[in-house]
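Keeping their order, the protein sequence lines are chains P and S. Reminder that position 148 of the first sequence reads as 148 in this note's numbering, one-by-one numbering, no gaps. For this note's numbering, add 377 to where a residue sits in the second sequence, where the first one is 1.
Any given hint could turn out to be false.
As the list claims (entries may be wrong) - Reference excerpt, derived from the structure (chain P facing chain S, CB under 7 Å, subset only):
(1) 98
(2) 116
(3) 134
(4) 237
(5) 251
Rather than coming from a laboratory, the hints here were simulated on the basis of the structure. C-beta: ideal position from N, C-alpha, C; glycine also.
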Amino acid sequence: MTSTAETEIDFKTVEHSTAPGRVTLSGVSKLYGKNYAVQSLDLDIRAGEFISLLGPSGCGKTTTLRMIGGFEYPDEGSISISDVVMQDLPPHKRPVNTVFQAYALFPHMSVAKNVAYGLGYAKVPKSEMGQRVGDALAMVRMKHLADRMPAQLSGGQQQRIALARALVNRPSVLLLDEPMSALDRKLREEMQIELKLLQQQLGTTFVFVTHDQEEAMTMSDRIAVMNGGRIEQIGSPAEVYDSPTTANVAGFIGQQNFFTGSVENTGPVGASVTVPGATLVSAKAPGQPLVKGGPATVAVRPENVTVTAGDAAGPNQISATLMSISQLGSYLQVVMLTAEGLKVMARTNRTVDMPTRIGDAVTASWSAESVTIYPTA
Amino acid sequence: MTALDASSAPGLTQSSGIGPRRTGARRFRWNVGLLALPIGVWLVFFFIVPFVVILWYSFGDKPSLYVTHSNDTLSLGRFAEALSPVFFQTFARTLNIAASGTLICLLIGFPIAYWMAVKLSPKYQGLALGLVLVPYWTNFLVRTIGWQITLSPQSFLADVSRNLGFGTPELLYTSGAVQLGVVYNYLPLMILPLYVALERMDHRLLEASRDLGANAFEGFRRVTVPLALPGIGAGLLLVFVPLMGDYITPSVLGGAAGSMVGQMVASQFQTAQNWALGSAMAILLMLAILAVVVVFAIIFKVIGMVIDRVERVNVLDDAKGSAA
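Turn these sequences into a full structure, and let the hints guide you.
Pasting the structure below:
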C-alpha cells in the first residue's frame with residue numbers, strides 16, 4: 001500500500017462527509033440499572049488524532065468505546081461519526097472497526113481468512129481480496145503467517161492479526177479496547193511505539209482505551225482522563241501531566257505525594273497549606289478555586305523532591321527519617337517518614353552528599369513551582 | 378502505507394515454543410497412563426469381551442430346539458441366513474426412522490441449546506440443564522410407556538378429539554408414534570453436546586463479526602455454526618447410533634408397523650432362542666451402522682473441503698504495491 005489514495009475512506013455511509021474520522025459525542029449517558037456508566041459525556045474527537053480514554057476500571061471508558069462501536073446504545077445524547085449521526089445504527093453499519101481486548105480472532109479460520117472476513121461485506125471484489133489481505137498483513141509484518149491458525153500464534157502475533165483484520169477494512173475510526181493488556185511489558189512498550197507510527201502513517205482516527213497511564217502518555221495526541229462516567233480532564237499528555245485540574249487526575253497520571261491540610265493563604269497565583277508539622281507553599285495557580293481555612297490537598301511529584309542531609313534552601317521542606325531506598329534503573333526511589341506520620345516519596349539521581357542509610361535523618365525539599373493545591377471535596 | 382522496519386521490532390521474532398525436554402517427562406506420562414486404567418478395565422469387560430463373545434457366537438449355529446447356540450462347527454451360515462429380504466426391509470425402515478429422528482433432534486435441539494448457552498443468563502443455565510436432564514434420568518421404559526398411555530385411544534387426547542367430533546385418532550402403533558418416541562427419548566443426547574460447544578464459544582467473536590460488517594445471520598453462519606460443528610457431530614453420533622439399535626421404543630409404541638432391526642435381534646435372543654443367528658444379526662447391524670457413519674463422515678469432510686476451497690484467500694506474493 002504505497003499510494004496515499006488507498007488510505008482514503010471509501011465507506012458508502014460517509015461518502016459526503018466533510019470530516020471523515022471525526023467522532024462527536026454530545027450529552028451521552030448510559031445507564032446500567034440505576035447507575036450511570038457514562039453520564040452527560042461531551043467529547044469531540046478530531047479526525048486523524050490518536051486519543052486515549054484513560055481511567056480506572058469502572059470509569060466508563062470501555063462503555064464509551066462500545067457506544068462508538070455500536071455494541072451499546074446510549075440512553076441519552078447523540079453520537080456522530082464523520083458528521084453522520086449514528087447512535088442508533090448497529091455495529092455492522094458503522095465505518096469503525098475494533099481491536100478487541102482478547103483479540104477475538106476466529107479460532108476456526110486461518111490468519112488470511114480472519115483478515116479477509118470483513119472485506120466481502122465491504123463489497124471488495126474477490127480478485128482484489130488477496131491483495132488487500134496481503135497488504136494488511138505486510139503492514140503488521142505477519143504476511144509469512146497467513147496460513148497459520150490463531151492458536152498457533154503468540155499473543156503479540158495475535159494482536160497484530162487483530163490489528164490487520166480491523167485496518168484492512170480502512171475504517172474512518174479504529175477503536176482499541178485495552179489491546180495490550182495481555183502482552184508482557186517489553187513487548188507492550190515495543191508495540192506502543194509501533195502502533196503510534198502506524199497511526200501517523202495511516203492518518204486514521206485511533207480511539208484507545210487503557211488504564212495504563214504510561215501507555216496513554218506514550219502514544220496519544222490527547223488524553224481524556226475519565227472517572228465515574230465523566231471526563232475529568234482532556235488535553236495533551238504534557239498538559240495532563242503538568243497541570244492536572246483535579247487531585248484525581250493528578251493521582252492517576254504519574255506518581256504524586258499527597259498531603260492534606262487546611263488552606264492558610266490564597267492568592268491568584270499562589271497559596272499555602274498547613275499540614276501536620278509544616279506549611280507548604282505553592283507558586284502555581286490552584287487546580288480549582290480555594291477557600292481560606294478550607295480543607296485542601298497538596299500534590300508534589302516524587303521527581304521534584306530533593307533529599308539532603310542538613311537544612312535545604314527554599315520554601316518547602318520537611319524533616320523526616322529515611323525509611324527505604326531502592327535503585328530503579330537510572331534513578332533512586334526514596335521513601336521517608338516525618339515525625340507526624342507523613343510519608344514522602346522522592347525520585348532522584350544519586351548525589352554525593354545524600355544520606356543512604358535506613359534511619360538517617362534527612363530533609364525533603366521542593367520548589368514552590370512544583371506544588372499544586374486542590375480543594376478537598 | 379509502508380511496512381515498518383522489520384528489524385526494529387523484536388516483538389515479531391518468533392519463538393519456537395520448544396523448550397529443553399524435561400527429564401521427568403517420561404515418568405510423568407506413566408502416572409497419567411495409570412489414571413486411565415479404570416476406564417480401560419471398564420472398556421475391556423463391558424465392551425471388548427461382550428463384543429468378542431457375540432462375534433464368536435455368530436460363527437456357530439443352533440443345533441437343536443433346546444440349545445441356544447453351539448460353536449462345534451464354525452461357518453458363515455448364520456450371516457447368510459440373517460441377510461434375508463425381511464432384514465433388509467426392516468433395516469431400511471430403521472435407517473429411515475433413525476435418520477429422520479436424528480435430523481429432527483438436531484432441528485429442535487439446536488435452538489434450545491443456543492438459547493440455553495447464549496441467550497439465557499448464566500444464573501439460570503443450571504436450571505435449564507436440569508430441566509433437560511431430569512426426564513432423561515427417568516427410566517427409559519417408563520418414559521416410553523408414558524407416551525403409550527398418552528397416545529392410546531383411552532387417553533385424554535383421544536377424549537378431546539372425540540368431544541370435538543374428530544373421532545378417535547389412530548396414534549399408537551404407527552411409525553409416527555415411534556418417530557415421536559425416539560425424538561423424545563434421544564433429544565437430551567443432542568442438546569447436551571450442542572450446549573457444551575456453544576457455551577464454550579467466546580461470545581465476543583460474534584461482536585467481532587458484527588464489527589467487521591456481518592449481520593447477525595452471517596455471524597451465525599460463519600462463526601456460530603462452524604464452532605458448534607464438533608458438538609453437532611457428537612450430537613448426531615450420540616443420537617443416531619443408539620437409535621439404530623433401539624428396540625424398546627418401537628416395541629412399546631410401534632407394534633408391527635413400526636418394527637425396527639433392534640427388535641429382530643432381540644427376538645432371536647429372547648423368543649426364538651437362536652443366539653447364533655441373533656449374534657450374526659447384531660454383527661451385521663454394527664457393521665451397517667459403522668458403514669453409514671463412515672459414509673456420512675466422508676460426505677461431511679468433502680463438503681468441508683469444498684467450502685474451504687471456495688472461501689480460500691490467496692495472499693499473493695507479488696511485488697505490486699506490497700511492501701513486504
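Problem - Which numbered hints fail - result: 4, 5
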